[in-house]
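Engineer: What follows is each chain in one-letter form.
Protein chains: 2
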Amino acid sequence: MQKRIVIIGGGFAGINLALQLGKKKHYQVTLVDKNNYNFFPPLIYQVATAFLEPSSISYPIRKLFRNKSNLHFRLGELLKVVPESHQLILSNGTIEYDELVFATGAETNYFGMENVKRNAIPMKTLSDAIQMRNRLLTHFEEATLATDPAEIAKSLTIVIAGGGPTGVEISGMFAEMSRSIMRKDYPELKDADGQIYLVDGGAALLKPMSTKSQVNTYESLTKLGVKILLNSHVNDFVNDKVILSDGTEIVTKNLIWAAGVSAINFDGIPATSYGRGKRMIVDGLHKLAGFEDIYAIGDASIQSADPGYPEGHPQVAQVAIQQGRNLAANFIRMAERRVPRSFVYKDRGSMAIIGSNKAVVDLPKPKIHLNGFLAWLAWLFIHLMSLITYRNRFRTFYNWTVAYFSKDQSLRMIIRPVDPHEDPVVPAIEKSAAVESEKVETKNA
Amino acid sequence: MQKRIVIIGGGFAGINLALQLGKKKHYQVTLVDKNNYNFFPPLIYQVATAFLEPSSISYPIRKLFRNKSNLHFRLGELLKVVPESHQLILSNGTIEYDELVFATGAETNYFGMENVKRNAIPMKTLSDAIQMRNRLLTHFEEATLATDPAEIAKSLTIVIAGGGPTGVEISGMFAEMSRSIMRKDYPELKDADGQIYLVDGGAALLKPMSTKSQVNTYESLTKLGVKILLNSHVNDFVNDKVILSDGTEIVTKNLIWAAGVSAINFDGIPATSYGRGKRMIVDGLHKLAGFEDIYAIGDASIQSADPGYPEGHPQVAQVAIQQGRNLAANFIRMAERRVPRSFVYKDRGSMAIIGSNKAVVDLPKPKIHLNGFLAWLAWLFIHLMSLITYRNRFRTFYNWTVAYFSKDQSLRMIIRPVDPHEDPVVPAIEKSAAVESEKVETKNA
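Protein chains in written order, with our numbering: chain F, 67 to 511; chain Y, 67 to 511.
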């Protein structure tokens, strides 16, 4: 009778863990996710700006698991863990585990600002991206109906909170769109003035990157017309006004929130197991503090065992991928009576794209800094290669090629699949499931 | 000062009318639609079955209107017409017209069956299609969780009401999917028994087509395993039971409604102007009975002036397209002081696709009937060519090629862009707009 590993979450960490375990058949593996697909967060912003289709950056998990007889998928949401009985209470039933792995990622963190949570557009999930696409396009249409210039500016102005890669990339994209596509699609608005603001609490954009990259980014975005506000953060968003920490008020209908994430706490896991940013405290073998058969990897976890990262690893894709693979290798080693290896993160560098033909790239060793066209090519190539299947790569490559030469895409449809009778996976606990899924939209995604 | 033509509805009829009027600049044209895109209804079912992306069969209207300086787009929904003052009350404001054209199409008709309306899945709009994709995939996931074979069958069984092209094409598609894709994606369900039923009130499928085509279709679908129930219609759909007119009960969660449409009545147009199926009664010049400056074309209209069609034209794409073009030509003739021409429908034949490699085609004159592979190629070619832009054609061709060779697609993602604060286009009349858009989901689409 094979041991059963249950993985919660089908993001970078969870999928990589599962696919590796699918190669050797030592375990029965069940991956649980509240979505039936895996997606590629680094390109969410291109879906949100109607440059890529959702299907370019997402893939059905069941199809990934095809012909891997020991991998199973389960659509559902974790409500509670019962470590004593090795049970998981899901939104649609109960399952048992021998080894449990949290790969639950992080969710958008509004730092307790209710108005922001209610009115801002998050940038974490595929649903967020489509929601943003629909809302911005609707606001542009509203602008075409307004006569008062102030009303128009309010609909067109966009404030992006958070100067990390997402914030930088999305503001660069909007800046370029407002020059090209917007002018062509909305001739009524050619004289309207909408602004693009990028707000960050720190002293520089792209904090973890080299000063060179930070400066390049700042200059390029400024040239594109993005108004960058540093050392300042969003305090509130009410009545179409974004209020900053220094008292500045920006009148807009559009606040995009890319300013922070936090991991998720689960019922059944004691508070003592959580560390900074609600992340689960694990050892070098990804084992959760206080448990023998529970692990956590990716954004959901934090560890101080890696000599290079005593403060814990950054919450980025590369860490999640490498941790998923390391844990898989360890499970296999244990099954083969070999010694598991402690995790050591190999930094592959970081990058951000600023616009067509512009990007910044920092490579760790040898320390190399690229910017401009070469960096842009590197960005495209690496992201293309990181997509999960050839299909996704082809779609995305095609979309990018079209977008590059036509400086345009044709995905600006406001499509809302309204389902009056959305039935949760199992009616029995309909209520809780529905409520939950509201609350933790981004949990397993 | 140019005359202003306002077109309500951006479907086949409305878009063709607008684009023709864009070629000569005799009029200022404003097209009003509650969606910001035009889409291709004949392929809706392929989006619903996750074979095509929404973007393969839809296109932003603003982009279609680019560089056509006399064409304007207005997102909004018609609430009321005030003929006396040549005014239109939209969900988001008021506009005036010199000439008004209804190209408002038809909406799903449930023949007053509230339960069916509440629980069935319609097949008219792009939102319907995505909703269907999401709901069926969710039901398949439910099936994987159930243990009782009856429960499983209930989730997998699909009843399609309506034996027209949509009903035929979608049941053929499901039959093939259940053999290939379902088996691969849901190994848990390989022994489950779900059935596909196609129900029609008439004595034959594809009523308007030749007996040859009807027989071919019946045989092909039966071979594929579709259970065809003729001379019988759906009376009710409650507690996961479809109840047919002959008393038969089919236990299922999935009723797809492709059994009828009706045009829409608008506040401000007298009852005397409506004929069979709520269609607006027009003369050979598409002019609405009782008005000098209001016209109706496409599914929304009915006329007896065409000698070949004393009972009115069928509600099909070709009629809508030809009427849109004829009315455009007439507007141009009038502007040039020439005599408008009465509409004469040129029947280009009808067709339906039954599965990979199978279709039926009837050509009118010379009377030719095709079936099998040749008909299938004809179907593909004609539909591909009918797509509105090269971009759509390429996307679709690519998707079809992949689907044909891989016998598969990778679009089976359940993506729900939940927007907690969907703001209607103008907050002022939020309520009515919201209510309306619920009520007339399919109106201008």
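Keep in mind that the hints were calculated from the coordinates and are not lab data. Don't take each hint at face value.
Claimed, not checked - Example chain F residues on the side facing chain Y (calculated, C-beta under 10 Å, incomplete):
(1) Ala116
(2) Arg128
(3) Phe139
(4) Gly142
(5) Gly159
(6) Leu203
(7) Thr210
(8) Leu211
(9) Arg478
To be verified - Chain Y regions said to be covered by chain F (calculated; three or more residues, Cβ under 8 Å):
(10) 94-105
(11) 116-125
The structure presented is a predicted model; accordingly, all values stated were derived computationally and were not measured. Beta carbons: idealized from backbone N, C-alpha and C, even for Gly.
Engineer: Take the hints in turn and mark each one as holding or not.
Structural biologist: So, going through the hints one by one against the coordinates:
Interface hint status for Ala116/F: upheld, as the beta-carbon distance to the closest one in chain Y is roughly 9 Å, under 10 Å. For the restraint placing Arg128/F at the interface with chain Y, the shortest Cβ-Cβ distance is roughly 4 Å, inside the 10 Å limit, so the hint holds. Residue-level restraint check for Phe139/F holds (minimum Cβ-Cβ distance to chain Y is 8 Å; threshold 10 Å). Evaluation of the Gly142/F hint against chain Y yields a held restraint, the C-beta minimum of about 8 Å falling below 10 Å.
For Gly159/F, the interface hint holds, the least distance from its beta-carbon to any beta-carbon of chain Y being 6 Å, beneath 10 Å. Here the hint on Leu203/F is kept, as its CB sits about 7 Å from the closest CB of chain Y, short of 10 Å. The closest approach between the C-beta of Thr210/F and any C-beta of chain Y is roughly 8 Å, which is under the 10 Å cut-off, so the hint is satisfied. At about 6 Å, the closest approach between the beta carbon of Leu211/F and any beta carbon in chain Y falls short of 10 Å, and the interface hint on this residue holds.
This hint holds: Arg478/F has a C-beta 5 Å from the nearest C-beta of chain Y, less than the 10 Å allowed. Three residues within the 8 Å Cβ limit are the bar, and the segment 94-105 of chain Y against chain F gives 3, so the coverage statement holds. Closer than 8 Å: that is the beta-carbon criterion, and the segment 116-125 of chain Y has 5 residues meeting it against chain F, so the requirement of 3 holds.
In this structure, none of the earlier numbered hints is contradicted; all agree with it.
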